[in-house]
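Participant: Using the sequences and the hints, build the whole thing.
Note that my numbering numbers the sequence shown so that position 88 is 88, with each residue one more than the last.
Everything labelled a hint here was simulated from the structure, so no lab data went into it.
Hints should not be assumed to be uniformly reliable.
What the hints assert, rightly or not - Computed spacing ranges between beta-carbons, pair by pair:
#, residue 1, residue 2, range
1, G119, G201, 50 to 58 Å
2, P66, E226, 49 to 57 Å
3, E173, A334, 26 to 34 Å
4, G119, E94, 39 to 47 Å
5, R128, M82, 26 to 34 Å
6, H227, Q120, 49 to 57 Å
7, D54, I179, 33 to 41 Å
8, E94, P144, 27 to 35 Å
9, S168, A81, 38 to 46 Å
10, E20, Y193, 24 to 32 Å
11, A77, R208, 45 to 53 Å
Even for Gly, the Cβ is constructed at its ideal location relative to N, Cα and C.
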Amino acid sequence: MSTWERLAELELEIDRYELEPLERDVSSGFHRLSTVIHVHGGGQEGVGEDVTYDGIDHDALWAAGPLQDLAGRHTLASFAAMIGELDLFPSPPERDASRRYRRWAFESAALDLALRQAGQSLAGVLGREPRPVHFVVSLRLGDPPSIEPVRARLARYPDLRFKLDATSAWSEELFTQLIATRAVAAVDLKGLYAGSIVDQGADPLLYRRVAQAFPDAWIEDPALDEHTDPVLVPYRDRITWDANIHTVADIEGLPFQPRMVNIKPSRLGSLQELCNAYDHCEQHGIGAYGGGQFELGPGRGQIQYLAALFHPDAPNDIAPSAYNDSDPAAGLPASPLAPALEAIGFRWAA
Numbered sequence: 001m002s003t004w005e006r007l008a009e010l011e012l013e014i015d016r017y018e019l020e021p022l023e024r025d026v027s028s029g030f031h032r033l034s035t036v037i038h039v040h041g042g043g044q045e046g047v048g049e050d051v052t053y054d055g056i057d058h059d060a061l062w063a064a065g066p067l068q069d070l071a072g073r074h075t076l077a078s079f080a081a082m083i084g085e086l087d088l089f090p091s092p093p094e095r096d097a098s099r100r101y102r103r104w105a106f107e108s109a110a111l112d113l114a115l116r117q118a119g120q121s122l123a124g125v126l127g128r129e130p131r132p133v134h135f136v137v138s139l140r141l142g143d144p145p146s147i148e149p150v151r152a153r154l155a156r157y158p159d160l161r162f163k164l165d166a167t168s169a170w171s172e173e174l175f176t177q178l179i180a181t182r183a184v185a186a187v188d189l190k191g192l193y194a195g196s197i198v199d200q201g202a203d204p205l206l207y208r209r210v211a212q213a214f215p216d217a218w219i220e221d222p223a224l225d226e227h228t229d230p231v232l233v234p235y236r237d238r239i240t241w242d243a244n245i246h247t248v249a250d251i252e253g254l255p256f257q258p259r260m261v262n263i264k265p266s267r268l269g270s271l272q273e274l275c276n277a278y279d280h281c282e283q284h285g286i287g288a289y290g291g292g293q294f295e296l297g298p299g300r301g302q303i304q305y306l307a308a309l310f311h312p313d314a315p316n317d318i319a320p321s322a323y324n325d326s327d328p329a330a331g332l333p334a335s336p337l338a339p340a341l342e343a344i345g346f347r348w349a350a
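Facilitator: Set out below in structure tokens:
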């Protein structure tokens, strides 16, 4: 039985839903907005989080309120089909990817509600044993780039490991300083973005320096062209993909089969697509690791939950949300995170 087949016929009853706005300044230098979807029915509540990046899209949602008619009895499969047909944006989103993010918020809330109404946990329904979750902290190093964001966090958390966003502005001195930390688990080349604040063009010199400086680190999202591909051919066993993974077809369409891919539930959007991606990776010997989207609410715990079930030992970019603060406080949980699954539903206990 496939992962999706274990979930598809779960039943849920919905009376209404509510929206909860969240906001916070995060380490990458922007003011993050998100929206928690609270779905109510049968005396229970399910939650999910919309991680759409553009504040204007959250503002429009909050102003419009809960417009969708979700009331009634559903299975997860029929609910997902209904959500897939609805326009969840009161006005067109700033970017099309946001439609997947919002869909995930509603479907994850429905999953949580269905499990709670059934008195079951996701781990139990899937027959998977949760294990401690290893995590890394995703970080940009500023403009101009500096070792200080890494040093400040290591001073408080000496065993912390990082996924760093590399840029062409990284100096030889910075490379030397980063090598000395022995704390770089992955480097994100951001080569697949266009028109975003994190764009980093194809740079064969940067790619070579990254691959050679961090021989044990994963190399995420290079922009492969006639100049960069030859540079990275010797390091293909460390190349991973993230921003271009929305469906199983995207994994199948990669230029070569990777050892690892980043599975972001919100980027895939639907529960069925997420389940299919997990199954595909297991069937083809492809590792997976989790990725976050600066979740502020229950969404972060939900991706930690999934990591505990599907890829606990990977370099999961799903550190507790407080690590994304510009100055993380002392006393945060260390990696690996002990499983903190609530007895029923799809939630990681706070």
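Participant: Now tell me if each hint is right for this structure.
Facilitator: Results for each hint:
A hinted range of 50 to 58 Å for the beta carbons of G119 and G201 is consistent with their spacing of about 52 Å. Judged by the Cβ atoms, the range 49 to 57 Å given for P66 and E226 holds: they are separated by roughly 50 Å. A C-beta distance of roughly 29 Å is found between E173 and A334, which places it inside the suggested range of 26 to 34 Å. About 40 Å separates the C-beta atoms of G119 and E94, a value consistent with the hinted range of 39 to 47 Å.
Checked against the hint of 26 to 34 Å, the pair R128 and M82 passes, with Cβ atoms roughly 27 Å apart. A C-beta distance of roughly 52 Å is found between H227 and Q120, which places it inside the suggested range of 49 to 57 Å. A beta carbon spacing of about 37 Å between D54 and I179 agrees with the range 33 to 41 Å that was offered as a hint. Between E94 and P144, the C-beta spacing of about 29 Å keeps the proposed range 27 to 35 Å intact.
Separated by about 45 Å at the C-beta atoms, S168 and A81 satisfy the suggested range of 38 to 46 Å. One distance hint, 24 to 32 Å for the beta-carbon pair E20 and Y193, holds here, with the actual separation near 29 Å. One distance hint, 45 to 53 Å for the beta-carbon pair A77 and R208, holds here, with the actual separation near 48 Å.
No hint from the list above goes unmet by this structure.
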